Amino acid sequence: MQRGFPWARHAVLVVVSALMLLPFYWVLKTAITDENIYAYPPRLLPQDPHPYNFVDVWYLIPFPRYLLNSIIVSVLAVVGNVVLNAMAAYALTQNFRAKKLVILLLLSCMLIPFQATIIPAYLITARIGLLNTYLGLALPLISTIVCIFIYKSAFEAVPRSLVEAARMDGLSEWRIIAHVLLPLSRPAIATNVILAFIWSWNSFMWPLIITRDADMQTLPLGLARFLSYMEDTTGALYAFVCLVLAPGILVFLMAQSAFIRGLTHGATKG
Amino acid sequence: MSASRRSLHPWLLSRWVIVPAVLLMLVFGWNVNVAMNATGEVRGQVVDATGQPVPNATVQLFERSFVVNTEKQRATTGPDGRFRFEGNASHAVQLQAEAPGIGKSERRTLRLLFRAQDADLPEPLVLNP
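Protein sequence lines, in the order shown, are assigned to chains Y and E.
So that you can map any letter, position 112 of the first sequence is 112 in the working numbering, and since no number is skipped, the others follow by simple counting.
For the working numbering, count along the second sequence from 1 and bump the result up by 1000.
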């Protein structure tokens, strides 16, 4: 069927894609109109679209400040993940005593939900004086175990002889990571960038706990605050949602092909 | 030098450079537009039920906040029924006109694309008894 009727496969995929995109479309449609989302019968096309809900969001709350905070925290998380995870993954590709124990420890840590670690994480962050700071906001996501294993899988796919040749040429371990392994692991880098960005961008509970000033709040906290103020204006609320979603979607679209290669790298190996 | 130029081009053509550059240009262009049109002037006209301009009508400008609209300015219409406010700092205002012996208009909302945007009321305020 697949060879004989490629159009049928595409038609099914188009329908499924449209169904999955429908909620996003509905959010955008409501954001550019003031329609009641419970109106019956629902209208598929927006009537009298306008951008004023976005203007309200920009001015009624300190949206630019929240945006700046979210960008700073996400950049810290992305840089931390790309650099620190590469170092950790490289270590895990080497042979050393208790390597399996370390891997087991890392994997078992993934079983612990973040909510269970919030109190010790808060106490540690307070002890090192990072409460209410950008670094403190980014700290729990500055290195993630899933992303370490994505790097590890990519590094293991690089021929061992290449690393040995680089070592024989006198490259230090740092330079092997930077000049040999990372250039050959672009899908893994893209996966790290996207996952770290989306996780930090959407993070709600940790910023809620460690921020003290309204000026240090990030977009998800701003969204909750906005919801409490503007509970009767669905259009403005959905406009806020669109503005929060847009950067994440943009980053994903820019890196989607490398992201998918990075995620399926280990799955198709060997 | 030629080698560095060769290695520069792929980076410049990368989507990681082009997309942020386009976004920066859009933001810059938008801010230039805002700077050129943020005079804070709001203009309009007041007419009676028959469509005739109403001189000496009082027009109130309300500024919108989260839940309330606060009166910020008042102006009086000229002989042609036109009025003008200066120094509006809001992105959403309401306008209402009143003239003794003629009546009062409905409160009209004027939403702007940015704060202090130079704006004309698209339709006149109509006084009804």
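Treat the hints with care, since some could be wrong.
Stated by the list, open to error - Pulled a few chain E residues facing chain Y out of the computed Cβ check, cut under 7 Å:
| no. | residue |
| --- | --- |
| 1 | Ser1014 |
| 2 | Arg1107 |
| 3 | Arg1108 |
Claimed, not checked - Simulated DEER-style distance windows between Cβ atoms:
| no. | chain 1 | residue 1 | chain 2 | residue 2 | range |
| --- | --- | --- | --- | --- | --- |
| 4 | E | Leu1024 | Y | Cys109 | 35 to 43 Å |
| 5 | Y | Met87 | E | Asn1033 | 41 to 49 Å |
| 6 | E | Ile1018 | Y | Leu111 | 17 to 25 Å |
| 7 | Y | Asp213 | E | Glu1071 | 49 to 57 Å |
The hints are simulated quantities; they were obtained by calculation from the structure and are not laboratory data.
Remember, it's a predicted structure, so these values are computed and weren't measured experimentally.
Just so it is clear, CB atoms sit at the ideal spot from N, CA and C, and this is done for glycine as well.
Going through the hints against the structure:
no.	hint	verdict
1	Ser1014	10 Å, violated
2	Arg1107	17 Å, violated
3	Arg1108	14 Å, violated
4	E:Leu1024 / Y:Cys109: 35 to 43 Å	40 Å, holds
5	Y:Met87 / E:Asn1033: 41 to 49 Å	46 Å, holds
6	E:Ile1018 / Y:Leu111: 17 to 25 Å	42 Å, violated
7	Y:Asp213 / E:Glu1071: 49 to 57 Å	32 Å, violated
Violated hints for the displayed structure, listed by number in ascending order: 1, 2, 3, 6, 7.
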